[in-house]
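Engineer: Sequence:
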Amino acid sequence: MKNKILKGLVAGAILAISGIANAGLIVNVDNVGSNLVFSWSGSVNLDSTLGLQDSNRSFSTRYDRQSFFRIAGQDQSGLDDYNLFFTSIPNWDSIGTNVTLLSGTVAGEGLFFEQSSSPSSSTNQLWLSDGYISNSSIIGSMTFLNTNIASAGFNIGSYTWAWENQGVSDSLTLNVNSASSGGQGIPEPTTLAIFALGLLGITTRKLKK
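Numbered according to this note's numbering, the sequence shown spans residues 2 to 210.
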């Protein structure tokens, strides 16, 4: 009986974590040495967007929190532009003070995310790597030298934007991690899922003995 309960708990944890692993895009903000690093991972269901607007767009790498919210990590290939209709947005004031960070450097895949003041505005945009395939993995980062969470005016916390199109939804979550995290951040969903699978393997071996 105990074995069945243990297996059930582990299997349930795997299902729950697997759901998190498919929970849209996650952007972690961490202090790494003397630098500020935005690191993103996850995937996007393109059916949740309002469709492709333009291809191979380029822009200056930056982070803005002014009359709009923008994460702009330019990669080498240019990005495809998709418009969004937000169903849920965080309170801008809770994220921190107004700031503009320029001249960041990008590694991996680029990401551009912008929220204007109106949920249905054409400037609510998500740009992804040129030729992005729906639901495929996205991994990249953007680094600002000699900058940190405090100087950028961030408030520690987690902030989520959700959008939808014809019943298909997706989201982006911004995790501003502890200033003392040293870049460790919150474990990525895929890491948690792998850990759960390993736990199930250990449990199975013990049950066989």
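Warning: the hint list may mix true and false statements.
[Said to hold, decoys possible] Beta-carbon label-pair distances, calculated as ranges:
no., residue 1, residue 2, range
1, 135, 35, 21 to 29 Å
2, 65, 33, 16 to 24 Å
3, 106, 168, 36 to 44 Å
4, 149, 169, 20 to 28 Å
5, 54, 88, 17 to 25 Å
By construction, these hints were calculated from the structure, which means they are not laboratory data.
In this text, a Cβ means the ideal position worked out from N, Cα and C, and glycines have one as well.
Engineer: So, for every hint listed, does it hold in this structure?
Structural biologist: Verification of the supplied hints:
1. At about 38 Å, the CB distance of residue 135 to residue 35 disagrees with the hint of 21 to 29 Å.
2. The hinted range of 16 to 24 Å is satisfied by residue 65 and residue 33, whose Cβ atoms lie roughly 21 Å apart.
3. Taking 36 to 44 Å as the suggested C-beta distance range, the pair residue 106 and residue 168 conforms, at roughly 39 Å.
4. Checked against the hint of 20 to 28 Å, the C-beta distance between residue 149 and residue 169 comes to roughly 37 Å, which is inconsistent with it.
5. Remark: the range hint 17 to 25 Å for residue 54 to residue 88 is upheld by a beta-carbon distance near 19 Å.
Comparing the model with each earlier hint shows violations of hints 1 and 4; every other hint is respected.
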